[in-house]
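Colleague: Sequence:
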Amino acid sequence: MEVDLFKFINTGQFGNIQIGMSKSKIEALNVTPQIWLSNTTKDSSRIWKFGSFEFHFDDLTNLSAIYNDHIPSIDTDNNFEITEPWLFKTSILYLDLLKGLSNSSKTFKETKDDIGLINLTLTNGVYFIFENTNETKDLEKEKYTLVVLGIKNVP
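So for the sequence shown, this note's numbering puts the first residue at 1; every next one is plus one.
Don't read these hints as lab results, they were simulated from the structure. Warning: the hint list may mix true and false statements.
Quick list of in silico lysine-lysine cross-link-like pairs, DSS-like style, CA-CA up to 30 Å [what the hints assert, rightly or not]:
#, residue 1, residue 2
1, Lys23, Lys42
2, Lys49, Lys23
3, Lys25, Lys7
4, Lys106, Lys141
5, Lys141, Lys99
6, Lys112, Lys99
7, Lys141, Lys152
8, Lys42, Lys152
9, Lys141, Lys109
10, Lys7, Lys49
11, Lys99, Lys25
Label pairs and their in silico Cβ distance ranges [what the hints assert, rightly or not]:
#, residue 1, residue 2, range
12, Asp43, Glu84, 27 to 37 Å
13, Glu84, Thr123, 39 to 49 Å
14, Asn16, Pro85, 15 to 25 Å
These numbers come from a predicted model, not from an experiment. Even for Gly, the Cβ is constructed at its ideal location relative to N, Cα and C.
Kindly produce the complete structure, drawing on both the sequences and the hints.
Modeller: This is the structure:
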């Protein structure tokens with residue numbers, strides 16, 4: 001299945017998959033995980049893995065989140081073809097993505113958590129997490145790079 005990252009960021013749709021879909025509907029799209037949580041079956045697992053992408057099912061049935069914390073590497077376990085892999089070609093700096101989001105008139109919320117990660121969350125539930133990868137105490141925003149891309153159910 002083709003996944004356009006620009007479309008994902010704009011609409012929250014990951015190929016033909018969207019938050020709230022059931023496991024059976026996802027599998028009907030010829031998307032089958034090769035890995036799931038140990039000590040569970042595919043049907044009882046809360047997480048399905050497709051390479052570096054994780055599909056989370058909070059109620060064991062319906063998709064509640066898609067998560068990738070292996071940026072900038074990309075591995076889709078042959079279930080997905082990323083057609084616009086720009087996020088995975090190079091390290092994305094916080095200020096560059098912030099500028100792009102501001103120029104596109106996207107509405108987003110910025111927060112910083114207790115361990116210093118910067119979170120940018122769009123109104124459609126897509127989020128980006130940045131960390132200071134220099135391993136120093138320097139917490140200037142221009143030093144932060146993208147480490148997580150995901151989407152979660154928006155209440």
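Colleague: Give a verdict on every hint.
Modeller: Consistency of the hints with the structure:
| no. | hint | in the structure |
| --- | --- | --- |
| 1 | Lys23 x Lys42 | 10 Å, holds |
| 2 | Lys49 x Lys23 | 13 Å, holds |
| 3 | Lys25 x Lys7 | 20 Å, holds |
| 4 | Lys106 x Lys141 | 20 Å, holds |
| 5 | Lys141 x Lys99 | 13 Å, holds |
| 6 | Lys112 x Lys99 | 18 Å, holds |
| 7 | Lys141 x Lys152 | 24 Å, holds |
| 8 | Lys42 x Lys152 | 21 Å, holds |
| 9 | Lys141 x Lys109 | 16 Å, holds |
| 10 | Lys7 x Lys49 | 21 Å, holds |
| 11 | Lys99 x Lys25 | 37 Å, violated |
| 12 | Asp43 x Glu84: 27 to 37 Å | 32 Å, holds |
| 13 | Glu84 x Thr123: 39 to 49 Å | 21 Å, violated |
| 14 | Asn16 x Pro85: 15 to 25 Å | 18 Å, holds |
In this structure, the earlier hints numbered 11 and 13 are contradicted, and the remaining ones agree with it.
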